[in-house]
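Going line by line, the protein sequences match chains A and B.
Under UniProt numbering, the first sequence has 45 at position 45, and the numbering climbs by one with no breaks.
Under UniProt numbering, the second sequence has 93 at position 93, and the numbering climbs by one with no breaks.
FYI, nobody ran anything at the bench for these hints, they're computed from the structure.
Don't take every hint at face value.
Taking lysine to aspartate or glutamate and the DMTMM-like style, the derived pairs with C-alpha atoms no more than 20 Å apart in a straight line are [stated by the list, open to error]:
no.	chain 1	residue 1	chain 2	residue 2
1	A	Lys339	B	Asp340
2	B	Lys489	B	Glu450
3	A	Lys275	B	Glu316
4	A	Lys377	B	Asp256
5	B	Lys377	A	Glu3
6	A	Lys392	B	Asp256
7	B	Lys339	A	Asp256
These numbers were taken from a predicted model, which means no experiment stands behind them.
2 protein chains.
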Amino acid sequence: MNEVTHIDKAAKTVTVKQLTDDSEYTESYDFLLLSPGAAPVVPPIPGLDNPLTHTLRNIPDMDKIMQTIQMNKPEHATVVGGGFIGLEMVEAFHRLGIQTTLLEMADQVMTPTDREMAGFAHAEIRQKGVDLRLETALSAAEFIPNITVASEDAGQSDQHQHLEGELNLTLSNGDSLTTDILIMAIGVRPETRLATEAGLETGPLGGIQVNASMQTSDPAIYAVGDAIEDTDFVTGQPALVPLAGPANRQGRMAADNMLGRNETYQGTQGTAICKVFDLAIASTGKNEKQLKRDGTNYEKVFVHTASHAGYYPGAEIVSFKLLFDPQSGQILGAQAAGKDGIDKRIDVIAVAQRAGMSVEQLQHLELTYAPPYGSAKDVINQAAFVATNIMKGDATPIHFDQIDQLSEDQLLLDVRNPGELQNGGYIDGAVNIPVDELRQRMDELPKDKEIIIYCQVGLRGNVAYRQLVNNGYKAKNLIGGYRTYCFAKA
Amino acid sequence: MNEVTHIDKAAKTVTVKQLTDDSEYTESYDFLLLSPGAAPVVPPIPGLDNPLTHTLRNIPDMDKIMQTIQMNKPEHATVVGGGFIGLEMVEAFHRLGIQTTLLEMADQVMTPTDREMAGFAHAEIRQKGVDLRLETALSAAEFIPNITVASEDAGQSDQHQHLEGELNLTLSNGDSLTTDILIMAIGVRPETRLATEAGLETGPLGGIQVNASMQTSDPAIYAVGDAIEDTDFVTGQPALVPLAGPANRQGRMAADNMLGRNETYQGTQGTAICKVFDLAIASTGKNEKQLKRDGTNYEKVFVHTASHAGYYPGAEIVSFKLLFDPQSGQILGAQAAGKDGIDKRIDVIAVAQRAGMSVEQLQHLELTYAPPYGSAKDVINQAAFVATNIMKGDATPIHFDQIDQLSEDQLLLDVRNPGELQNGGYIDGAVNIPVDELRQRMDELPKDKEIIIYCQVGLRGNVAYRQLVNNGYKAKNLIGGYRTYCFAKA
């Protein structure tokens, strides 16, 4: 293994250290490609420098983790950080039968998605028996080395066989926790040491700065991957997107350009997916948190509909969120969670967004349909129908995060069947009139109040909304229905 | 159940027959929607009018088929027609443990795909033990009613328990076949009787003619679904596309327009998918047969690559064909076959085609990637890379259907490892130099011949192609490799 330790831009040479014997030599270049990647961020928490604490970036890291598992026989693992790496580690520990705690400082895991979509992941993680603690950070760790190892020969329990010891963790809320292995997975930062020492420019977010040709501030040096700042496809702003897909395409384009072609990288949507036990959760484009922060004008819709024809075995609910500009119909972003067909729906939106399709055009998408694979009206078509209804003024939305702050002038109407309320719960204060009885019982509702309608997923609510509005009522329909409202709190 | 038996366009009324008592009444309309669907085509073959022969269009048809299965206890079924319905019936019979023969007049099943892609379906069907007979039609059927039923009490075999009898089939090649149930599934034609009797115009293909608003030649009458002729998205020509997705969207648009909106239907790509046992086979846009017939200028590429990261369990090969205009890069159509991720890849292309994306732009698609779901370079990206290589002149393709007609001035070079040739076969007359030895052994190849390179799927072939061309050789690479060549003959 060799490591490049220095770049001499003027001489167009690199210094290479041979790690076998620490000898060095100099190599010249016409063009140089930097792809040093990113390094795990380890916060300055006291006590992390111990043999039971690990980060995970590469295969040697994984080998060390597996060695610790073999040596220390952990009964309990703690993972800090609910991103891709953290979630995959939680699942891996769970598969090994190790009780696992996941600490996440934010109020949600999978921050590329919004809080209410992450709720599906929270429910799945907890359902598998993982101890998920949101809004909880690690404050300190203390390594307690083992003095004696229990001996089965001496009739002692096979508990506490740890060869190395255990960790006492102190959490931000004052709680403490004893654990046998600790994974720090709070994120990564671009690996820019070589580049900055060589005087190459970095961007406002700390990545190596490149132009659309993947060229750094030195025209003979290109850079790609997790180490660089690329351009956000939606906003045109700099972005750090440490994902494999963009890195791969950047590499191909940099190679072409170093050999005289003129390829340009066309921005990163941040399309991402994570397996969380039986669930997939995925996103592309901007999320609502980012749109709010940027002051972008947006609207959102939620649909929950079957991954394929419900009468064919194996269908699962796809919970889908679409963010769009309600004036232009521009697709801003999308998120999905569920046990089947999640990757496909986010891929469809990722293509449509990159192609500049509007939400209105999504109605017309002609996707594969046979009962094992889809529905004649796919999830995406349905989300587009709901969005277009709002844009055309055929529907007036209200959202899950407004339901707990209704005023005296609003009345909450649950249009599901009574059995659904009894079995699945309902929102406090709601009046129940099933949609099929609404035409007959409409006069039970006041015309001087705004009727806030909800059903399970939003479809019957829309039917009720049309009936009420056509009869002179003021009304709004809860987009995504009770299901969105519930999982937002999960 | 009521049946509309007559339309009076001038009076704006329909005559309705009540099927319970055959009484009739007249109903008036402001706007009328026709969605009578399509009816199975039954060719004028002698002997089809018997209790063991069925078509399948609706639930009552299925009930009759299931009744025949219960009554006649078939040991052998024959399905005529290898389209969606025929293939689904073959699978259903197979699941019931009934030996099945599939007769298809064409040289392939699933005619929306091209012959070489249908080869994957042929291999799957035969691997499951189904007796697939291509280029074989049904010429005649003879019903042999049962005279006596075997009696177990009398010690007779429980074979030939058929209550009703059996069929003797004569095939177009002179063969005969005895079968216990026969399904005619050779296709459908638009159900236009009501419309034509009312004087509504039909199109050149025999469907009810509508404009983009789904309006027939009578402005008060709209029509949708399998009964109409719609517009091909790629060619702009009339098309009969009896698929559920388009029908659904046409219905929504017709309803909007009948109530005063101005929605337009934006053409049909014919996106379709069929489950064939463990395999899915799907397509969108035009196939090569149609492009050839229309005289369209096109190029094609094949890739065979894993449905998700190969090191994660459950990955299957996606065999993918992309048809495009080699000058403009316009996407003309795509087909895919495999056991995982087929619907997703065709959906991606269906969106890209509808959005007017070019093959060059497909390189930049940013699709969901995590090892359980995809690859950092997805199938679609890879197909786009291959297509763009051809468009830029970085690769010179040769196709599977040209390999058996090489001239004296061409030399066939297999660049796979010798073990692959021994285990998986090779093309007659090929010289074998593994790609890793090519730089050293290049002088074994003649410079005055065109070197026709192939590997398993085309990737190593491209590496070899670049090496040869950079060293002054004339060369072509077999796109899709040996795998495409083999399945084209399946």
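Verification of the supplied hints:
no., hint, result
1, A/Lys339 / B/Asp340, "holds, 15 Å"
2, B/Lys489 / B/Glu450, "violated, 25 Å"
3, A/Lys275 / B/Glu316, "holds, 18 Å"
4, A/Lys377 / B/Asp256, "holds, 17 Å"
5, B/Lys377 / A/Glu3, "violated, 27 Å"
6, A/Lys392 / B/Asp256, "holds, 12 Å"
7, B/Lys339 / A/Asp256, "violated, 34 Å"
Violated hints, listed in ascending order, are 2, 5, 7; each of the other numbered hints is respected by the structure.
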